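Protein chains: 4
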Amino acid sequence: MVSNVTVQPPLTAIPADLRTLADYEKRAEMHMTPDVWRHVQEGAGRGITLAENRAAFDRIGFLPRAMADLDGDTGIELLGRHHAAPILLAPLAYQRLVHAEGELACARAATALDTGMIVSTLSSIPLEDIAAAAHALARDLGKKPAPLWFQLYLQPDREHSLQLVRRAEDAGYEAIVLTVDAALKPAGITLPPGVDAVNLAGMPRPRQTSVPGGKILLGTPLAQSAPGWEDLAWLRGVTRLPILVKGLLLGDDAARAVDEGADALIISNHGGRVLDGLPSPVELIQNVAESTAGRIPLLLDGGVRMGTDVVKAIALGASAVLIGRPQMHALAVAGLPGMAHMIHLMRTELEAAMAQLGCPTCALLGPDRLVALSR
Amino acid sequence: MVSNVTVQPPLTAIPADLRTLADYEKRAEMHMTPDVWRHVQEGAGRGITLAENRAAFDRIGFLPRAMADLDGDTGIELLGRHHAAPILLAPLAYQRLVHAEGELACARAATALDTGMIVSTLSSIPLEDIAAAAHALARDLGKKPAPLWFQLYLQPDREHSLQLVRRAEDAGYEAIVLTVDAALKPAGITLPPGVDAVNLAGMPRPRQTSVPGGKILLGTPLAQSAPGWEDLAWLRGVTRLPILVKGLLLGDDAARAVDEGADALIISNHGGRVLDGLPSPVELIQNVAESTAGRIPLLLDGGVRMGTDVVKAIALGASAVLIGRPQMHALAVAGLPGMAHMIHLMRTELEAAMAQLGCPTCALLGPDRLVALSR
Amino acid sequence: MVSNVTVQPPLTAIPADLRTLADYEKRAEMHMTPDVWRHVQEGAGRGITLAENRAAFDRIGFLPRAMADLDGDTGIELLGRHHAAPILLAPLAYQRLVHAEGELACARAATALDTGMIVSTLSSIPLEDIAAAAHALARDLGKKPAPLWFQLYLQPDREHSLQLVRRAEDAGYEAIVLTVDAALKPAGITLPPGVDAVNLAGMPRPRQTSVPGGKILLGTPLAQSAPGWEDLAWLRGVTRLPILVKGLLLGDDAARAVDEGADALIISNHGGRVLDGLPSPVELIQNVAESTAGRIPLLLDGGVRMGTDVVKAIALGASAVLIGRPQMHALAVAGLPGMAHMIHLMRTELEAAMAQLGCPTCALLGPDRLVALSR
Amino acid sequence: MVSNVTVQPPLTAIPADLRTLADYEKRAEMHMTPDVWRHVQEGAGRGITLAENRAAFDRIGFLPRAMADLDGDTGIELLGRHHAAPILLAPLAYQRLVHAEGELACARAATALDTGMIVSTLSSIPLEDIAAAAHALARDLGKKPAPLWFQLYLQPDREHSLQLVRRAEDAGYEAIVLTVDAALKPAGITLPPGVDAVNLAGMPRPRQTSVPGGKILLGTPLAQSAPGWEDLAWLRGVTRLPILVKGLLLGDDAARAVDEGADALIISNHGGRVLDGLPSPVELIQNVAESTAGRIPLLLDGGVRMGTDVVKAIALGASAVLIGRPQMHALAVAGLPGMAHMIHLMRTELEAAMAQLGCPTCALLGPDRLVALSR
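Residue numbers (this note's numbering), protein chains in the order written: chain A, 1395 to 1769; chain B, 1395 to 1769; chain C, 1395 to 1769; chain D, 1395 to 1769.
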């Protein structure tokens, strides 16, 4: 982790004024270096997609139902497993940028709160160690581990991609999440000492190598190594784990991914970090749901910051949502307890919103409870 | 009341630069502690509903009528009583947070200006004392007391709810306002010494008691104690007072409340304090009016800050409006005279707006005088 | 005029950085007391109408015509007189609030630039002196005086209204402008020594005299003295001068005013100073034009700050526009030369815009040159 | 170039934090005098068109295509020449205002990056010297020079216009760009010593010469010297070079320009500098494309600041775009290397965006990849 005299160390207990994820976000800046803060928060280009990921949620209003029965719970079934709530931790690169325990703290908090976690190819702790930490805590608590999935960035050499899949299988990961929208994104930050893509040790990394006047990207080896449909087919052939495709936004691509063997999709624009101008997932998920017609579960990633956002995503057709940047905020502010508190806040808000809508189960949430706000 | 060296005491006379409710709001911050100020002003979540309660009024424009006859007045009949203007004081919790005289000052100002007042279950002065103060002043002034209504939060034990109803009946309250939208809202502020829910002394309070990993809200005793339709039926059976249901927003729920015996409805989203994303009452009241088809009066609560807002609400189908946060502002700034002045300002603005529209009575105000502003 | 150590005296020459009316507005604040500045700039309520008067212009875009012939001029005929451009000075109260020469400076600048001026009942220089100053300068310059009109606020006593009309006729005013939308507006500022409604010396003024609990406005003598259709009929009967009605916004009222004998209308919401929520004149003028079907000229008042605004108003059906607050800005900054410069800037911008649109005469400007901007 | 103690000299190397054209813009202010900065950045009137040129791009969203083949390049054919990317340098006046090397630095950077450049009539280096610098560098680099075009402002005397055309032909310019929308625009800045319209040495300049009370613009000699259709016909008759008409926005004018012999059009509102209220080129280009039906290429000028903007313009029917103000920013910050870096950044972003959209050639970009963002 970066050390810097002006960066405050993480808290070890949660102060009373941290009552929402927005409180964590506001406080997080003082627990990161300016470079890391910018890296965590920034979006591509002018930040239009980044802002839109929030604004699209804010434009959706609720139609409440008064005095309804409130007997129910937030549980869902997904890819054969029970989840206590329709909320998972999104795959994030380099979580040790903001806290020394990095992904280990996240995995333990997720375990304690029965919350699924997706570990990134670019995790700053080896994928095996993360799984081991989660499993050990589950044993200590006498409970079944929460689902762990592995997010895969395809490597220039297919053999290296296969190694990652096998390691994930061996470590007990229960699904592979293939990201298809970020192969051409520049790194965006110089990693400080002690933070690295440890899972890729010894593997060559794809790089943009343009020179002025020469080819830049199109037609270069970097472009050729970007994921294609044949890569999904290959992956389908080499693993029995369920495969989720992450980074689609439109119905056509989604339908094809189902045809090619995906078991679930994560509708995402990569948190607004890749192509500025992409619409938000919550704007598009109904279109995707129509195109895939219930054949597979859809997860939504991007802009989720409150329990009401979860309700909106579910009501529009998502089976569950991913939480991204708020992990970095909570982890920076207070490590493991921060992560656990953040997840608990989100779930508490989710239940309160479901109660106000008179919908005590996820299955009862539908577009009839939503209305466009006239803003 | 909270004491703090930096908090200015209430004024005892009204300075000339307090000419609108906005002036009171601006000044009020210096007469409260930061905690109380935040508590008074804040909305749920990102404050979208809180802002929308204002924005929805601001989007409505007027179509004036020139050179009309201006002979008339603002009086209305409501639940068998005459009101000098279609304006009542909304039920607010803990008014002693901002002024030592709290609800007593409000009741006296309301009496002096012939304005109805709704006293909260969570008043910081016993409901009997508030009624007594109003009645005593009316006697002194030789006038009939303005209508006093009692707002009821159902208690976990029905017997306690019944006690509150009987006490209100005995103290001369003329109607019961059953709030149905806030049973699951957290308190939001730690009460300072001397401010408490005195009406509930000796009664157990509903509480959220979740532990990480366990049930949070849905399916818990707290959720079970939230108001249901059977509670309205029960209340209808135990009192002869008119019953208003507060906290509905949609036509379906409103129609059912009428069927279940409500005598009037207060269309409200609880001032944006409960579920962020709810539309504003003024946006929805026409829908409610259509569903209830004139069977009972509709009152509107939320965002009313100017005389023009009253005109808009009436023109869209409300019989009257409630004033909420401006009470806290005026009370903090100048206690009883502040409250009286605030009510007078609102009524003066109301008359001026009616005059500009060429509508000298409330009955003449209709949607034909309104237009959506192109903003 | 108010004196105050922090208020800068008016300039006597125009610095090079005053190139637009916006430059004058920005600079004007330092040439007025804070009270006067607020009084000049403020709108009623939350300022929605004030802002809308600008925003409505800004939402209108242009469709240019390239490489057109530019032979023409901005002249128009109005009520039997030629105007060099479709721009007149709006009636403003108390112009000595911002400059010792007040209305005299305006009248002389208007004369020098062949611009019509409407003198207010509430002018701070006697109406006779203003006319005399304009006529004297026209004689000196060897030109015909620009049109002078007199704006009439009806007085509680009809005899006093008649006196004002007769004085205006005697002083050479060429039309009477009857304002019908502001009888109930409070004064808004305490006049400093030396500034007063000199035309009304000796006449009783209408006042709001409400007491808490009593009647406020509707049904009071003040409301009864507001202008009615019978007052327009009376005025029509006592003068042969053309009568303009100022303060209408809608087609119905406009059509009736024509039926009742008005010779022209000034579409106005009183600069957003009277009823907050009124739409802007530029938003409504097409509706008025349809209702009056070319029977009389329409003038537009409100929000005009640039030459492009004049083009938009004319293209939508106005015969001419009035300039209001910019007079106070220019007068405060630089007195007579400021006023003359401001008028010249406006006309230069007007010609440049007409040229870009390929429309070298006002008659060529029509709605086919406009488009709603997608903002 | 202006010298001033507070103006920082241009950088000679590119710091790592200059990663986008926005970074250059932010930094540029410290490398210009306040007067020059204002002159570079400002728009006409209230800056509505200036802002709209950006906002119109920002309202356009993308529909991505996942996992597509990325073999291709950004090359286009235009007026018989190959361009490495659909990006040209717009004609700008007086580039020595921001850097001593002015247009020479631009021409060399353009040559190094195979980018077309349009030289302004108002260049601050003689047009012959600019062409010579470009050609010399191309020889040194052993490559064919990038296309150089000459932008023509018609002079009051046609003979002087002809001289300019002949000089451009002689110097090897490959096309004439006739600007038709700015003849009546005031200069806007006082040129410092050493910066001048050197191409016009010895020629009289058109001037606005209004006096208060007299004619201002319409019907004056200045208006008569504005470009007309007969001027285009004349130009067509005196040169064999391709002629582009710059400054049209609408289909009707565009179709006529094609009929009159234009070989290509540059859709432009002059960067928002001429008539405030004009819509943006990107808003109108589809209309122009329909009117001209593919008869000639359309170029788009105005608001282009990112690679995604280029994609949007191409997808809507442009063959290429011009870059305007970013030249001044890059030139001020770092002269020739700044210009080259800026062009390279733009092209890198362009390729990345094309890749995300799954469109590896310009021909594949169409409106099916775009969507209006719901903002």
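Just to be clear, a hint being listed does not mean it is correct.
Just so you know, same-sequence chains aren't split out, so a pair can sit in one copy or run between any two.
To be verified - Straight-line distance between alpha carbons at most 35 Å, and here's what the computed DSBU-like set of lysine-lysine pairs gives:
| no. | residue 1 | residue 2 |
| --- | --- | --- |
| 1 | Lys1579 | Lys1609 |
| 2 | Lys1420 | Lys1579 |
| 3 | Lys1538 | Lys1579 |
| 4 | Lys1538 | Lys1609 |
Quick caveat, the hints were computed from the structure, so don't treat them as lab data.
This structure is a prediction, so every number in the text was calculated from the model and none was measured.
The hints, checked one at a time:
1. Only within a single protomer do Lys1579 and Lys1609 lie at most 35 Å apart by alpha-carbon distance; the minimum there is 17 Å, versus 42 Å between protomers.
2. For a Cα distance limit of 35 Å, the shortest separation of Lys1420 from Lys1579 qualifies both inside one copy, at 27 Å, and across copies, at 24 Å.
3. Taking the shortest Cα distances, Lys1538 and Lys1579 sit within 35 Å of each other only across copies (33 Å), while inside one copy they are farther apart (37 Å).
4. Taking CA atoms no more than 35 Å apart as the test, Lys1538 paired with Lys1609 passes between copies only; the shortest distance there is 17 Å, against 52 Å inside one copy.
No hint from the list above goes unmet by this structure.
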